[in-house]
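Read top to bottom, the protein sequences are chains Y and Z. Every position in the first sequence, counted from 1, becomes a number in this note's numbering once 2 is added. Every position in the second sequence, counted from 1, becomes a number in this note's numbering once 273 is added.
Keep in mind the hints are simulated off the structure, nothing from the lab. Here the structure is a predicted model, which means the values were calculated and not measured. Take these hints with a grain of salt, some might be off.
[Unchecked claim] If you anchor each label on the Cβ, the simulated ranges turn out as follows:
(1) ASP339(Z) / GLN18(Y): 42 to 48 Å
(2) ASN325(Z) / ARG67(Y): 21 to 27 Å
(3) LEU82(Y) / PRO320(Z): 45 to 51 Å
(4) GLU71(Y) / ASP330(Z): 32 to 38 Å
(5) THR136(Y) / ARG300(Z): 17 to 23 Å
(6) LYS137(Y) / GLU337(Z): 34 to 40 Å
(7) ALA290(Z) / GLY81(Y): 24 to 30 Å
(8) ARG20(Y) / PRO294(Z): 37 to 43 Å
(9) ARG300(Z) / PRO41(Y): 36 to 42 Å
(10) ASP131(Y) / PRO317(Z): 16 to 22 Å
(11) ASP127(Y) / GLU282(Z): 15 to 21 Å
(12) PRO294(Z) / SER8(Y): 40 to 46 Å
A virtual CB, placed ideally from N, CA and C, is assigned to each residue, including glycine.
Single-letter residue listing:
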Amino acid sequence: MHLTSSPIDLPSLLAQARSGDGAVATFVGVVRDHNDGRPTVRVQYEAYRDMAESEMEKIAAGLAREWPEVQVRIVHRVGLLGIGEASVAIVATSPHRAEAFAACRAAIDRVKTTVPIWKKEFHPDGSSDWVDPTKEKSV
Amino acid sequence: MLYFASFREAVGRDEEARELPEGARVRDLWSSLAGGVPLFGRFPSMPPAAVNRAYADAETRLSEGDEVAFLPPVAGG
């Protein structure tokens, strides 16, 4: 469970997945070229670093209680990212696919809700704004 | 106090020290900030707060040396 300012290395994350299990579910979030009806040219992720890593550990501990057979790893990128770059990667390893999918889905849902990370979107006209997922979408 | 993202931009700094009366709670600190920063004053209620890098509720009592942050809406993922 960690933050990184370097590009997320998915092959290396997958290589660290527990061997001997039958299922590896992955989720990779990538930077979209638009949001809420406006084009985006790049984004900046900012984190409350110590707390973010500790909240990611809490999420992993909660998942381990709910799905004891699943091993989950979470990596989140910080800093300036271009379109298509991975912002978050989750790898859930389990003896069977159902638990791997479920834990992977729960992991990304919880990351979006509780981990103190913020996203600023930059638009082609030079303007930028902090994304507020609690606001109603305008489109 | 630590400030992040839109809150950091609104106050123009990323950290500062604050003196509070003995026995002050998280909500007292928010009230004192909300009067001075227009963005904070527009919040209908206190945003999520962290004390020493863990979520804390409004009634949490603060002590000397605590690291406190009010958190803008998170947008990871």
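Okay, the hints, checked on the actual structure:
| no. | hint | in the structure |
| --- | --- | --- |
| 1 | ASP339(Z) / GLN18(Y): 42 to 48 Å | 36 Å, violated |
| 2 | ASN325(Z) / ARG67(Y): 21 to 27 Å | 24 Å, holds |
| 3 | LEU82(Y) / PRO320(Z): 45 to 51 Å | 25 Å, violated |
| 4 | GLU71(Y) / ASP330(Z): 32 to 38 Å | 34 Å, holds |
| 5 | THR136(Y) / ARG300(Z): 17 to 23 Å | 20 Å, holds |
| 6 | LYS137(Y) / GLU337(Z): 34 to 40 Å | 37 Å, holds |
| 7 | ALA290(Z) / GLY81(Y): 24 to 30 Å | 28 Å, holds |
| 8 | ARG20(Y) / PRO294(Z): 37 to 43 Å | 52 Å, violated |
| 9 | ARG300(Z) / PRO41(Y): 36 to 42 Å | 40 Å, holds |
| 10 | ASP131(Y) / PRO317(Z): 16 to 22 Å | 20 Å, holds |
| 11 | ASP127(Y) / GLU282(Z): 15 to 21 Å | 19 Å, holds |
| 12 | PRO294(Z) / SER8(Y): 40 to 46 Å | 45 Å, holds |
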